[in-house]
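Using the sequences and the accompanying hints, generate a full structural model.
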Amino acid sequence: MRKIKNYCKKSLNDFCKKILLNILTVMSVNQSAYAGGADNPLLSLVVMDRLEVLNNDEKTRVWEGSARFGYDINKLYFYTAGEATADGLESSQHELVYSRAIAPFWDAQIGLAYDKNADASKTWVEIAIAGLAPYYFETRAALLVNGDGNVGLRVDAEYETLFTQKLILSSSVEADFYTKDDATLGIGSGLSTMEAGLRLRYEIKREFAPYVGLTWAKTFGNTRNYNAFNETNFLVGVRFWF
Amino acid sequence: MQRRTFVKGVAVTSIMALSQTKIEARTMQRVIDNRDTLSGKEFFLTIDYTPVNITGNNAIATTVNGQISGPTLVWQEGDTITLHVTNKLKKSSSIHWHGIILPYQMDGVPGITFDGIASGETFTYRFKVRQHGTYWYHSHSGFQEQTGVYGAIVIKPKRKEPFRFDKDYVIQLSDWSDEKPTTIYKKLKQMSDYYNFSQRTIGTFIDEVKNKGLSKAFSDRKMWNEMRMNDGDISDITGYTYTHLMNGQNPSTQFKALFKKGQKIRLRLVNSAAMTFFDVRIPGLKMTVVAADGNHVKPVRVDELRIGVAETYDVIVQPKKNKAYAIFAQSIERSGYAMGSLTPSGTLLATPPKMDPIPKLTMVDMGMDMGAMSKKGDAGMKCSGGMAMPSKKSMKKYKWAKMDAQKYPITKLPMARGVQTTMMAMSPKYRLDDPGVGLRHNGRKVLTYADLKNRYSTRKDKKPDREIVLHLTGNMERYMWSINGIKYADAKPLQFHYGERLRITFINDTMMNHPMHLHGMWSDLETGDDNRLVKKHTVIVQPGSKISYRVTVDAKGSWAYHCHLLYHMSGMFRKVVVS
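Here the protein sequences come in this chain order: A and B. Quick note on numbering: the numbering used here labels position 202 of the first sequence as 202, and the sequence is numbered without any gaps. All you need for the numbering used here is the position in the second sequence, starting with 1, plus 1000.
Hints are supplied without guarantee of correctness; some may be wrong.
As the list claims (entries may be wrong) - Derived DEER-like restraints, expressed as beta-carbon distance ranges:
no.: 1; chain 1: B; residue 1: T1183; chain 2: A; residue 2: N225; range: 32 to 42 Å
no.: 2; chain 1: B; residue 1: F1218; chain 2: A; residue 2: R100; range: 27 to 37 Å
no.: 3; chain 1: A; residue 1: I127; chain 2: B; residue 2: T1183; range: 30 to 40 Å
no.: 4; chain 1: B; residue 1: T1347; chain 2: A; residue 2: I204; range: 36 to 46 Å
no.: 5; chain 1: A; residue 1: I110; chain 2: B; residue 2: T1183; range: 40 to 50 Å
no.: 6; chain 1: B; residue 1: P1051; chain 2: A; residue 2: A141; range: 24 to 34 Å
no.: 7; chain 1: A; residue 1: L153; chain 2: B; residue 2: Y1049; range: 48 to 58 Å
no.: 8; chain 1: A; residue 1: K205; chain 2: B; residue 2: D1048; range: 31 to 41 Å
no.: 9; chain 1: B; residue 1: L1214; chain 2: A; residue 2: A157; range: 55 to 65 Å
no.: 10; chain 1: A; residue 1: A141; chain 2: B; residue 2: T1183; range: 51 to 61 Å
no.: 11; chain 1: A; residue 1: L96; chain 2: B; residue 2: F1218; range: 34 to 44 Å
no.: 12; chain 1: A; residue 1: G88; chain 2: B; residue 2: N1053; range: 16 to 26 Å
no.: 13; chain 1: B; residue 1: F1218; chain 2: A; residue 2: G190; range: 34 to 44 Å
no.: 14; chain 1: A; residue 1: I204; chain 2: B; residue 2: D1048; range: 45 to 55 Å
Said to hold, decoys possible - Lysine-lysine pairs mimicking DSSO-like chemistry, simulated, CA-CA at most 30 Å apart:
no.: 15; chain 1: B; residue 1: K1189; chain 2: A; residue 2: K166
no.: 16; chain 1: B; residue 1: K1091; chain 2: B; residue 2: K1575
no.: 17; chain 1: A; residue 1: K166; chain 2: B; residue 2: K1360
no.: 18; chain 1: A; residue 1: K166; chain 2: B; residue 2: K1180
no.: 19; chain 1: B; residue 1: K1575; chain 2: A; residue 2: K205
no.: 20; chain 1: B; residue 1: K1160; chain 2: B; residue 2: K1453
Claimed, not checked - Listed next, the stretches of chain A that the computed footprint assigns to chain B, with coverage defined by at least 3 CB atoms under 8 Å from CB atoms of chain B:
no.: 21; stretch: 41-48
no.: 22; stretch: 127-139
no.: 23; stretch: 153-164
no.: 24; stretch: 216-229
Hints were generated in silico from the structure; no laboratory data involved. The structure displayed is predicted, hence computed values, not measured ones. Using N, Cα and C, we set each Cβ at its ideal position, and we do this for glycine too.
Right, dumping it as structure tokens:
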């Protein structure tokens, strides 16, 4: 029995590897490595943008990060964000998308999203656009559809202000909208949640920065029937990437 | 704003401490008395790994004959020379003789002129030397140039040179990092401003508000913000990771060039950096520029000169006092410097002068037409978003209109405007008399290309048969570089016709200086007088500007043509086929 299980595991692994390898082969075009190195090497970037604890009664832990893997034009992105308390997971959102550079500052993305909270989970199909808007706003807008016919729009934007070369204020705002109520996920139609944050980080080095900040989060409309809150919290956290 | 100098003050402990390069001048024959200098007709060079300590940390360099810089090679014009290059690296390697006119099979560019030198193999280069002056050599494989595979070439002339000097020194400038080049490249792709620690802050804006008022300060920022461009984006890689070297010495161990009061000293400046432009001066001394890229120019006296990556200049100085002078080479973005002493005694060292302020790019560097703007009230600058920018400034009469007026049949080349390009210079101008960002109006006489005139007449040179226009393009945000919006991997070779005289015009659609290097043939630079075209092998194309040169296509084969900034090279590159 165990053997079979192992065998299945192994074949699944091989299968995944093969698929990944095929995707990457398709993604990479014409590598040249004679002068100045390969112009377009296969690279990864893992960013944990937020790993923080809120100063509320539950001491909510929040994370938000991404991992990308690929070439200049074609990449795979994995996004993850969520909240947990001592009692366990409160909510989380994960996305796996294929991302293609379509304009100098913009990527178009397509893939799957997976929401999970303590009681339920739901899978969405999504398309998104991500990039750098004029005035240096790091922006992403994702349109999602799930099996219930619910359509969601999730938008976020972030702006960085340099006080010094290392002391940087990140201002961010996020808003989620849906077309239908979903009791299991605790989301209501219309504007569902908004969040805004200010995070002041000190880059000890580019890759590592502790920060303090302030967030405000509020639910709106029908969402308040499931989960009504309007909170402002101080927070501390670290940002790191590699 | 707070400025940091990242110069690492740690003594060089390895073999480099002895790598002074000096060529004693004697009346007829130069006698080579330095262990680092190799001369003759047959040379043996070995590329290998060498442990070094340049910054205080141990690192592994790739070197030629175990030293940084590699040995200075002294050749004689007219000789046929043989160079046996052995590669002891684990990877393929190569040596390219930069600026040397030779058969393409000897040019040393893997994938274009030969297969490279495999690990453990020896390749023998053999060619006749048809020129004289100051040149250099470097690996053309991967990032090996960054980690130490470079050295100077001095070619002694057949005929007496038209200037006198008593001492002759090679001043080879370079940049070193303890980080692996692949790591540097990865970081630039992950975060293109990773090494830039002179970015705009709230303080910069407050200062501007104080100086110009809020609305003007805001409107001046408008264009940069809309285009997502950074006016502090001068160099991709800075003193944050680089230690700048002069003949392999860092600023604290100092290269020393000895002189006796009143002697004329020839300094052969070579920029062998991977990425760093240097602004060179010797406070207290005028420098007389006598050659550019190995070729004689009409002597011009300057206080300072900018040497782009891969360029060479020969200058003559005459110290009148018995004191140590600083040979000061600050990096273009002012994050560090290379320095040595021109001194009457080995124990007397110069103190470095203060570095200049951190430069800021202007609208001129974006290829804006200041004249047109004052007329129409809007700009000649377009970004991917499409925009116009008002300006009140006007510009004096356009000095180089004559060069714009030159019309030759243009061969159209493929062009793409897409992900590869974030900017387009709408009104690029010839800016030959522009010393460039950071050197304008600094109170010193700074060499510009307009000052360079061939020592010998070029009146009889053939007029161009046709012209091609090459746009230098890039996406700084994603760290991708290309020509005409097409990176090398996706581009067809450029076809040059054997026997033709070709005019090449560059338009720089980026905010960075690009030193463009054509292999195998001279680039006869138009600097304002067609009878005095300057023979160069590497030409700086300033941000947002335009520049033209002529090429006599007299070398059959396939050649490399590229930006010499090492981390731009793989994309901003073309193969040239001459047939």
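Status of each hint after checking the structure:
1. The beta-carbon spacing between B/T1183 and A/N225, approximately 52 Å, falls outside the hinted interval of 32 to 42 Å.
2. Here the CB-CB span from B/F1218 to A/R100 is close to 35 Å, well matched to the stated 27 to 37 Å.
3. Distance hint for A/I127 and B/T1183: a CB-CB separation of about 34 Å, consistent with the stated range 30 to 40 Å.
4. In this structure, B/T1347 and A/I204 meet the distance hint of 36 to 46 Å, their C-beta atoms being roughly 41 Å apart.
5. In this structure, A/I110 and B/T1183 break the distance hint of 40 to 50 Å, their C-beta atoms being roughly 32 Å apart.
6. Remark: the range hint 24 to 34 Å for B/P1051 to A/A141 is contradicted by a beta-carbon distance near 52 Å.
7. For A/L153 and B/Y1049, the hinted distance range of 48 to 58 Å is satisfied, since their beta carbons lie about 55 Å from each other.
8. Taken as a hint, the range 31 to 41 Å holds for the pair A/K205 and B/D1048, whose Cβ atoms sit roughly 33 Å apart.
9. Here the CB-CB span from B/L1214 to A/A157 is close to 24 Å, at odds with the stated 55 to 65 Å.
10. For the pair A/A141 and B/T1183, the beta carbons lie near 33 Å from each other, so the given range of 51 to 61 Å is not met.
11. For A/L96 and B/F1218, the hinted distance range of 34 to 44 Å is satisfied, since their beta carbons lie about 41 Å from each other.
12. For A/G88 and B/N1053, the Cβ-Cβ distance of about 53 Å falls outside the hinted range of 16 to 26 Å, so the restraint is violated.
13. For B/F1218 and A/G190, the hinted distance range of 34 to 44 Å is satisfied, since their beta carbons lie about 36 Å from each other.
14. As the Cβ distance of A/I204 to B/D1048 is approximately 37 Å, the hint placing it in 45 to 55 Å is violated.
15. Pair hint B/K1189 plus A/K166 holds up; C-alpha atoms about 20 Å apart against a cutoff of 30 Å.
16. Distance hint between B/K1091 and B/K1575 is fulfilled; the C-alpha atoms sit about 23 Å from each other, no more than 30 Å.
17. Restraint check for A/K166 and B/K1360: the C-alpha separation of about 20 Å stays at or below 30 Å, so the hint holds.
18. A distance of roughly 24 Å separates the Cα atoms of A/K166 and B/K1180; the hinted pair therefore holds under the 30 Å criterion.
19. At roughly 40 Å between alpha-carbon atoms, B/K1575 and A/K205 are farther apart than 30 Å, so this suggested pair is violated.
20. About 20 Å separates the Cα atoms of B/K1160 and B/K1453, which keeps this hinted pair within 30 Å; it holds.
21. Remark: the stretch 41-48 of chain A is confirmed as covered by chain B, as 3 of its residues place a Cβ nearer than 8 Å to a Cβ of that chain, reaching the required three.
22. Only when three residues or more bring their CB closer than 8 Å to a CB of chain B does the claim for the stretch 127-139 of chain A stand; here the count is 4, and the claim holds.
23. Using a Cβ-Cβ cut-off of 8 Å, 4 residues of the stretch 153-164 of chain A lie near chain B, which meets the minimum of three, so the contact claim holds.
24. Counting residues of the stretch 216-229 of chain A whose beta carbon lies closer than 8 Å to any beta carbon of chain B gives 0, which falls below the threshold of three, so the coverage claim is violated.
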